[in-house]
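Undergrad: Sequence:
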Amino acid sequence: MNRAEKIAEKLAADWQARSNYVRLTGDVAPGGIQEAYAVQGHLQRHMMPKRGPIGGRKIALSSKAMQEMVNLDRPVAGAIFANDIQRSPAKVAVADFIHLGLEYELAFELAEELAPTDVPIGEENVLDLISTVRPAFELIDDKNADYTDICGLTLAADNAWCGGVVLGAPIKDWRRLNLGDLPSVLVQAGHPPEAGNTGAANPVQSLAWVLAHFASQGETLKAGEQIITGSVLRTRFPESGDRVRYEITGHSSVEIEIV
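What the sequence shown shows, in our numbering, is residues 1 to 259, in sequence order.
Any given hint might turn out to be false.
Once the Cα atoms are required to be at most 27 Å apart in a straight line, the calculated BS3-like pairs of lysine-lysine come out as [what the hints assert, rightly or not]:
#1 6 <-> 64
#2 50 <-> 10
#3 143 <-> 64
#4 91 <-> 143
#5 50 <-> 91
#6 91 <-> 10
#7 6 <-> 143
#8 6 <-> 50
#9 172 <-> 10
#10 172 <-> 50
#11 222 <-> 50
For the record, the hints were derived by calculation from the structure and aren't laboratory data.
Model the full assembly from the supplied sequences, consistent with the hints where possible.
TA: Now the structure itself:
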């Protein structure tokens, strides 16, 4: 068993025990970003028996400010498991998570298989690979992390905390829209509506980065995979009884009930 496998075993055991977040240090600290992704791959294999095969991909730390906070010079990618993908309206149980957070994103569905040899991919052609665009909630599980002590390499090794996705209805005629400048609104009972804009997450740029990243790792992505591209608003941590709707104004929405 190599180092990456041993680190992945520790992370898998921590998830099984519902342990709170602790940064990887000492003998279990990844030696760099490539070893962190090697750990991530082994961790995903530990998770697949319960959570299913990979059904999509995600980006985290898309902003420079967040990257600098965790001492990285790039975003972080992770996988979404097929059993964790739901359709709106959805019910999500807080008891299924150590500490549930909600993020507000666009999800892009791959129209065709994408092999590593199909790159380079740039913002100018990446949308040719997409069949459908939807608003989405990402369900993150930050394991009660202290956000002043987040380690970028630990986050990468730990599959970027992805706990699942809730997909809204497809956005009609999306090819006619500027996906980087769509007004949106978050509605949650007991809170004033919060306005957003898809441009805050640079969704097309983020999509191109995610696809190029997995190509650089030698991975083939399957048709139908969902690629989520970063939150446009600050993470909220809902409680049982909350109902939340995220709407791409005038186009589509996604709804969730927390139980």
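Undergrad: Hint by hint, note whether the structure agrees.
TA: Checked hints:
1. Between residue 6 and residue 64, the direct Cα distance comes to roughly 31 Å. Violation of the 27 Å bound is thereby established for this hinted pair.
2. For the proposed pair residue 50 and residue 10, the alpha carbon gap of about 17 Å is at most 27 Å, so the pair holds.
3. Taking the CA atoms of residue 143 and residue 64, the gap is about 23 Å. The hint holds against a cut of 27 Å.
4. Using a Cα cut-off of 27 Å, the hinted pair residue 91 and residue 143 holds, with the two alpha carbons roughly 20 Å apart.
5. At most 27 Å may separate the alpha-carbon atoms for a hinted pair to count; residue 50 and residue 91 meet this at roughly 19 Å.
6. Between residue 91 and residue 10 the alpha-carbon distance is near 30 Å, which puts this suggested pair outside the 27 Å criterion.
7. Proposed proximity of residue 6 and residue 143 is supported: the alpha carbons are some 21 Å apart, at most 27 Å.
8. This hinted pair checks out: residue 6 and residue 50 have alpha carbons roughly 20 Å apart, not beyond 27 Å.
9. At most 27 Å may separate the alpha-carbon atoms for a hinted pair to count; residue 172 and residue 10 exceed this at roughly 44 Å.
10. Taken as a hint, the residue 172 and residue 50 pair is broken in the structure, with Cα atoms around 34 Å apart against an allowance of 27 Å.
11. The straight-line distance between the Cα atoms of residue 222 and residue 50 is roughly 20 Å, inside the 27 Å bound, and the hint therefore holds.
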